[in-house]
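*Asks:* Which chain is which? The protein sequence lines are S and D, in order.
Going by numbering that gives the first Met the number 0, the first residue of the first sequence is number 0, and it counts up by one from there.
Going by numbering that gives the first Met the number 0, the first residue of the second sequence is number 0, and it counts up by one from there.
Just so you know, not all the hints are guaranteed correct.
Short, incomplete list of chain D residues facing chain S, as computed with Cβ under 8 Å [to be verified]:
(1) Pro5
(2) Gly149
(3) Lys160
(4) Lys163
(5) Glu218
(6) Glu256
(7) Asp260
(8) Trp274
(9) Gly281
(10) Val311
Below, computed lysine-lysine pairings styled on DSS-like, alpha-carbon distance capped at 27 Å [stated by the list, open to error]:
(11) Lys360/S / Lys188/D
(12) Lys220/S / Lys12/D
(13) Lys220/S / Lys85/S
(14) Lys329/S / Lys254/S
(15) Lys188/D / Lys383/S
(16) Lys255/S / Lys6/D
(17) Lys12/D / Lys444/S
(18) Lys254/S / Lys188/D
These aren't lab readings, by the way, just hints derived from the structure by calculation.
For every residue, glycine included, the Cβ atom is placed at its ideal position computed from N, Cα and C.
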Amino acid sequence: MALTGIQIYKHLPKTNCKECGFPTCLAFAMKLSQKQVELEKCPYVSDDAKALLVEESAPPIRKVVIGTGEKLLEVGEETVLFRHEKTFVHPPGITLLVEDTLGTDELQKRVKQAQAASFERVGQQLCLGLIMVQNISKDKDKFVQTIDVTQQNTDLPLVLASSDAAIMEAALEKTAGLKPLIYAATEDNYEAMAALAKKHACPLAVCHSGGLDKLTELADKVVGQGVNDLVLDPGIHSLGTTVAYLTQIRRAALKKSAKGLGFPVMVFAGPQGVDAQQEVLRAGVYIMKYAAVIVLRSAENWQLLPLFTLKQNIYTDPQQPLQVEENVYKIGEPDENSPILITTNFSLTYFIVAGEIENSKMPAWLVIADVEGMSVLTAWAADKFNADKIAKVVNTCGIKEQARNRNLILPGAVAVLYGEVAELLPEWKVMVGPREASNLPKFMKEQSV
Amino acid sequence: MPFAIPKETYNGKINSVTVGKDANTVSLGGISTYPFLGFEGQSQASIPIALEVWNSAPLDWPLALNELYGDVYADPVKWALTCQDKYKADMIALRLASTHPDQGDTSPEDAAQVVKQVLEAIEVPLIILGANHIEKDAEVLKACAEAASGYNCLIGKAQEKNYKTIAAAAMAYGHYVLALSNLDINLAKQLNILLTQMGVKEERIVMDTMSSSLGYGLEYSYSVMERVRMAALKQNDTMVQMPIISDVGIEAWKAKESKVDEAAWGDTHARGILWEATTAVGLLMSGSDALIMRHPEALKQVRKTVADLTSVEG
Ligand code: B12
Ligand code: SF4
């Protein structure tokens, strides 16, 4: 949690020597609390106070970065329990697990499929976060070779899973500089794994399935070895128990009541015996309940689409709906005779309507009215998407100059506005389109003949 | 140092509402924690799930549902029995769709007749739903409440503009009121206050704070329900301590992703079921106590997830 100016002031020298450039220590403390100045500007803070202030102002859940380059995954830094309090920060990395016993063909097929699984939704590209390669064979060469094949087929960051430190060492040589997540430090091997994480500057997962007491203790020990970028794994349990653990870890971290728990958490949605549907529903629960890395055994597109959509829903800003700008948008390459449609600036609405116009294969002009990011019906109910607004946007957005035809298609949901709009825009032929955008392609074809 | 489990202290409790007749009852609510946190109080032991039945053949249901129910669309009694016996629904939600002025405008008497026939045939409790038309619902539900006298049904949805008639009929014939508000904790509370001021007992109200589908507003429903639960359990606000039921199927099967063949989205059938089930689980995790669904396979999947959520190791 951020410290207040007064809390910081207590740890300053209180001599008001002004060397920091501020008239008093209190003034300096106030600026510090707003993060507008660096602590280093005061030459007289004691080392103890410095350490304390750094620790106190650290985020309650540490940010951990897995991988490098464009697709690196950032997790952690969450500050709340409920999304209406403040937006959840880093969406979890949905992870596909592949085993080193798969055989090259099957492995290639799965990794390629995972790499390709990507959907555009509401203007965002949704895809998998990580690929986890698991050393089931206990064979060093097989593991390294599996990693090799995986890397050739994906640029997603990796999780390397082996309980054998010597095998892990070989794998890390193979992935030098790529910062994979090492899975995992356990009671038995944590010293060796911590040494590897330090040597290769990689984040390290810490796994203990014996309850949060044990997990905290182990995480503390690993921190004691000098590794700070940790991801916690509370082990495989029933969904109810895992939700309890995830909730307890998040609460403890936010309250800073248990030191070893201020890290992102990873969970396995599909342990053996869980069917493909249940795997998705469990993963969904974990998205809602604070997991940062969620491991799947199967990742077919029909499973991923609902899951990615849920992730997008839960991690949107609760105060500010996603919006597009008021303007005329070209869908395809419209000319002066192409159809003209109008809708609101709620991103979801815009992208759905634009997508359906594309499906119609007919170029068109889409006029967007700024109604503070509300859907058609919501904006209508709030009296924001009314006849006055529609007439005003049509007259000012520039469509009159770009297109010569004067046919305007209204959303079917606001058919009641037809009369008024027609009156306010006398030179236009106003038409009511279908209620559901999915019927737009059919409607547009009918109009054109 | 052993880890001190950070527990929430709750000051309130969700009312327990029991609908149905004789031995065939179902209870909603009765919990005292945020969803499924059994380690700190009384959490959901199970979630009652209703399957949806219409009094007329739906024209806009997708293939996945038409395949299952097409044969019984013409006969609401058979349809309800299929849901009860074959698909093991905990309740039946009878939506009187054809009473809507734009969808047939059938009469309240006609609707009441169907309600009677369904009630005589089934054993599980019945939820009686209007067609979401303010004026017509009031008329229709009044007639249906009388026809269902003695069966302790849940009837609605009563809204700000028509709650008086519906609540009066529910009280007169011993039913429970399903109160619908629009994604706003204050509106939800206001409607409950109005209902209780009319004389409806708090324990005879169930709320619908408005469901939305995955991908189409789920996050709004989610956060409203979380806030309602906070007010109910932390601030002990008795005017939002009613159990919540979510109308899942009607929203989830509207979404394009649940029904359109699109190669890049994978198998349509499996995706549709999962779209409904994921929407349902999202609503459960934010505070819903009961569900109205459409696809029996989605119902089964949600039941499995709930069983897994309620199983906590010692
Ligand atoms: C989420 C939501 C909200 C959110 C806002 C979300 C947002 N950013 O807009 C919040 C909680 C803020 C909200 C508030 C309100 N809401 Co509201 N809300 C919804 C909900 C659940 C989903 C809306 C949504 O996101 N739809 C998805 C988008 C994509 O739909 P859409 O924009 O309409 O687009 C579709 C079609 O219209 C069509 N289309 C769009 N553009 C075009 C263009 C053309 C040319 C064509 C042909 C087609 C087309 O394509 C799309 C897909 O088919 C709906 C109920 C529901 N399930 O639909 C109620 C709903 C829209 N809300 C409603 C109401 C009444 C309100 C409030 C007035 C409630 C109140 N009393 O406070 C307020 C108003 C806001 C305010 N005063 O600030 C009512 C409207 C009633 C009506 N029919 O008149 C609805 C329908 C719920 C209901 N049944 O009562 N709401
Ligand atoms: S330099 Fe340090 S001691 Fe001097 S006024 Fe600034 S804060 Fe105070």
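*Asks:* Does each hint hold? Answer for all of them.
*Replies:* Hint check:
1. Hint on Pro5/D holds. Least Cβ distance to chain S is approximately 4 Å, under the 8 Å limit.
2. About 38 Å separates the beta-carbon of Gly149/D from the nearest beta-carbon of chain S, more than 8 Å, and the hint is not met.
3. A hinted interface residue such as Lys160/D counts as satisfied when its beta carbon comes closer than 8 Å to some beta carbon of chain S; here the least separation is about 13 Å, so the hint is violated.
4. Given the 8 Å rule on beta carbons, the hint for Lys163/D is violated: about 22 Å separates it from the nearest Cβ of chain S.
5. Contact between Glu218/D and chain S, as hinted, is supported at the beta carbon level, the nearest pair being about 4 Å apart and thus within 8 Å.
6. Using the Cβ-Cβ criterion of 8 Å, the hint placing Glu256/D at the interface with chain S is satisfied: the shortest such distance is roughly 6 Å.
7. Look at Asp260/D: its Cβ only gets to about 12 Å from chain S, farther than 8 Å, so that hint breaks.
8. The interface hint given for Trp274/D holds, since its Cβ lies 6 Å from the closest Cβ of chain S, which is under the 8 Å cut-off.
9. Against a cut-off of 8 Å between C-beta atoms, the interface hint on Gly281/D holds, since the closest Cβ of chain S lies about 6 Å away.
10. The closest approach between the C-beta of Val311/D and any C-beta of chain S is roughly 4 Å, which is under the 8 Å cut-off, so the hint is satisfied.
11. For the hint pairing Lys360/S with Lys188/D, the CA-to-CA distance comes to about 48 Å; that exceeds 27 Å, so the pair is violated.
12. Taking the CA atoms of Lys220/S and Lys12/D, the gap is about 41 Å. The hint is violated against a cut of 27 Å.
13. Note on Lys220/S and Lys85/S: the hinted pairing is violated, with a Cα-Cα distance of about 32 Å set against a maximum of 27 Å.
14. Taking the CA atoms of Lys329/S and Lys254/S, the gap is near 50 Å; set against the 27 Å cutoff, the hint is violated.
15. Restraint check for Lys188/D and Lys383/S: the C-alpha separation of about 26 Å stays at or below 27 Å, so the hint holds.
16. For the proposed pair Lys255/S and Lys6/D, the alpha carbon gap of about 14 Å is at most 27 Å, so the pair holds.
17. Only pairs whose Cα atoms come within 27 Å are accepted, and Lys12/D paired with Lys444/S is rejected, the gap being roughly 56 Å.
18. Proposed proximity of Lys254/S and Lys188/D is contradicted: the alpha carbons are some 31 Å apart, above 27 Å.
Of the numbered hints listed earlier, those contradicted by the structure are 2, 3, 4, 7, 11, 12, 13, 14, 17, 18.
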